[in-house]
Amino acid sequence: MKILVCVSNVPDTTTKVTFTENNTQFNTAGVQFIINPYDELSLTRGLELTEKLGGTVTTITVGLADTEASIRKALAIGATDAVRINAVPTDAYFVAEQIAAYAKAENFDLIFTGRESIDYNGGQVCGLLAEMLGLPSVNVITSIEIDGTTATMERDIDGGKEKVSANLPLVVSAQKELTEPRIPNMRGIMAARTKPLKVVEPTTSELTSAAVGFELPAPKGSVKLISVEEAGSLISILHNEAKII
Amino acid sequence: MNILVFAEQIDGSFKKSAFEAVSYASQIAQAHNGTVTAVVPGNVADDKLAELAKFGANKIVSIKHDNLNGFNAETYAKVICNTASAEGSSIVVISNTYSGKSVAPRVAARLKAGIASGVISMPNTNAGFVVRRSVFSGKAFADVNLTTAVKVLAITPNTFNTLENAQAANIVNTEAGLADADFTTKSVEINRVTGKIPLTEAEIVISGGRGLKGPENWHLVEDLANALGAATACSKPVSDMHWRPHSEHVGQTGITIKPNLYIAIGISGAIQHLAGVSSSKVIVAINKDAEAPFFKAADYGIVGDAFEIMPKIIEAAKAFKAN
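In order, the protein sequences belong to chains A and B. Take the first sequence: its position 167, counted from the start at 1, is 167 in my numbering, and no numbers get skipped. Take the second sequence: its position 226, counted from the start at 1, is 226 in my numbering, and no numbers get skipped.
With a straight-line Cα cutoff of 25 Å, these simulated SDA-like cross-link-like pairs (lysine to any residue) come out: (1) A:Lys243 with B:Thr232; (2) B:Lys112 with A:Pro169; (3) A:Lys163 with B:Ser13; (4) A:Lys224 with A:Lys243; (5) B:Lys186 with B:Ser13; (6) A:Lys220 with B:Val303.
Partial list, derived from the structure: chain A residues whose beta carbon lies under 10 Å from chain B: (7) Pro37; (8) Glu131; (9) Glu154; (10) Glu215; (11) Ile226; (12) Val228.
Calculated Cβ distances over 10 Å to all of chain A for the following chain B residues: (13) Met1; (14) His32; (15) Thr35; (16) Asn67; (17) Pro215.
I should point out that these hints are in silico values taken from the structure, not numbers from a laboratory. Yeah, the Cβ is synthetic: ideal placement off N, Cα and C, and Gly gets one too.
Sequences and hints are given; from them, build the entire structure.
Structural data, given as C-alpha cells:
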C-alpha cells in the first residue's frame with residue numbers, strides 16, 4: 001500500500017493575524033508554524049493503515065526551505081520519506097498542479113489531503129488534485145477502512161453523514177474525528193534526521209488567481225452588559241433592539 | 001455572458017443554499033447583461049425545477065438519471081462542465097456546502113478555471129475580477145483576483161439573500177451521457193439527523209462550553225435552542241471530552257458558522273473559538289468571569305452563573321415564543 005499525505009505548513013492556531021506591505025502580505029514575524037492540523041490527522045491515519053496492511057507513507061509539501069521543520073516533524077511522527085516541491089504555494093491550483101506532477105509517475109494507492117488548510121481555508125486541493133490525476137475523490141471523511149482495493153469511508157454531509165465506498169486509487173480529505181493525532185517520540189525524532197527528504201523543483205504553471213489585499217474585520221463596539229437579575233430581558237432586547245429574533 | 005449555477009438537489013428538492021446561488025448569479029447577470037443557466041443533476045420534478053426560475057434562472061438544465069440522485073463529486077463535475085461548455089459559461093457559481101466544496105475544485109480543474117471558495121462578496125470588475133473571501137478561519141478577509149477566462153465561485157451559504165426575480169420557467173431535459181463506469185464512488189448509506197436544524201444552516205445557534213460543567217447540564221442549551229428554533233453547538237474542549245459530538249464543535253478546527261445570533265454559554269472565547277464564530281451578526285456571551293475574552297467580541301454580555309441565568313432566559317424565550 002503506497003500512501004501520499006499532503007502536508008501544508010500553517011501558522012499555529014493561536015496566531016494573531018496581521019498584515020504588512022500595505023495589507024498585501026501575511027505578517028510572519030514571530031509566528032510559529034505547524035503542520036496543518038487536518039494533515040496531521042491524515043498522516044496518522046495513513047500510518048495506522050500501513051501498520052495494518054503494510055506499505056509506505058510519503059509526505060509532500062509545496063514550500064520553501066523554511067517548511068522543513070514541519071516536514072521533519074511529519075517524519076518524526078512516522079512518515080517513511082518526504083518530498084518538498086521548492087516553490088512558494090501561491091494558491092491551491094498551483095499547489096495541486098505541483099503535487100499532481102509529482103504523483104503522476106508514482107502510482108500512489110491513496111492520497112490524503114486535509115479538509116482545508118487553517119490559513120487560507122480553500123479546501124480545494126483534494127478536488128483539484130483528483131481531477132488532475134483523473135481519480136475519484138471523497139472529501140471531509142471521518143473514517144476510512146481499506147479492504148483489498150476497496151475503501152469504505154464515512155463523510156460529513158450537510159445535516160448528517162454518508163457512508164461511501166470507492167475503489168483505489170483514490171484522493172480523500174480528512175475531517176476531524178478521522179483519528180487522534182500522534183505525538184512524535186524520541187526515537188522518531190532521532191530517526192527523522194536521517195530519513196530521506198527529497199527536494200524537487202516546481203514545474204511551470206500558469207497563474208489562475210492572486211490575492212490583491214487583506215483586511216481585518218472591523219473591531220466590535222463595546223459589549224452591552226445585562227445584569228443577572230435582568231437576564232430574562234435578553235430576549236426582549238434581542239427582539240426590540242437588535243431585531244434579530 | 002452566461003453564468004452557470006450548480007443547483008444541488010437533495011431527495012428531489014432544493015435547499016435555501018441553491019436559491020442563494022441562483023440569486024447571486026442573477027445579480028451578476030443583471031450587472032453585466034448576462035443570462036443565468038441552472039444545472040440540476042438528479043431527478044427533480046418540473047414544479048420543483050421551476051422554483052429556480054423564481055430567483056432568476058433563465059434556463060434550467062435538468063439531467064435526470066437515477067445514479068445522479070446521490071452525490072458523486074466526479075460525475076457531478078463532469079455533467080456540470082458539459083453544461084458549462086454547451087452554454088459557453090464564463091462564470092460557474094456553486095454554493096460552498098459540503099457537496100459544493102467537493103465538486104467546485106473538480107469543476108475548476110476540468111475547465112482550467114481560477115477558483116475562489118468561501119466567497120462573501122459580489123465580484124468587483126473595476127480592476128480585474130476580484131472577490132472577497134474569508135481566510136484564517138474568519139480572522140481576516142482576502143481579496144482575490146481571478147485571472148482566467150472562466151471562473152469558479154464557491155459562495156458561502158447563509159451569506160447572500162435569496163432575491164426574487166421571476167423568469168419564465170424554461171426547463172430543458174438533457175441526457176447525462178454517462179456510463180456505469182463513470183460512477184466511481186458509491187453511496188452506501190445516508191444518515192441525516194432529523195428533527196434538528198443543521199448547524200451550518202441555522203440562523204440562531206446556542207453554544208455551550210466547559211462552564212456548563214458536564215453533559216448532564218446540556219438541557220440548558222437545548223431548552224433555549226428549542227424555544228428559539230436554534231441549532232446547538234459547543235466549544236473544542238467539550239467535544240474533545242466527548243460531552244458532545246465532534247459535529248457540534250465550532251471554531252478554527254471545527255465548523256465555521258455565521259448565524260444571525262450566536263449565544264455562547266460558559267465559553268471563555270479563546271482566539272481559535274472566536275475565529276469560527278466572529279462573523280455572526282449578533283453575539284451574546286454568558287460567563288461567570290468578567291475578564292473572559294468573549295466579552296470583547298460580544299454585543300451583549302451577562303456576567304454571572306449560567307445555572308442562575310439560563311432558567312430566566314429560557315423562561316423569557318418560552319413566553320416570547322408563546323406570544
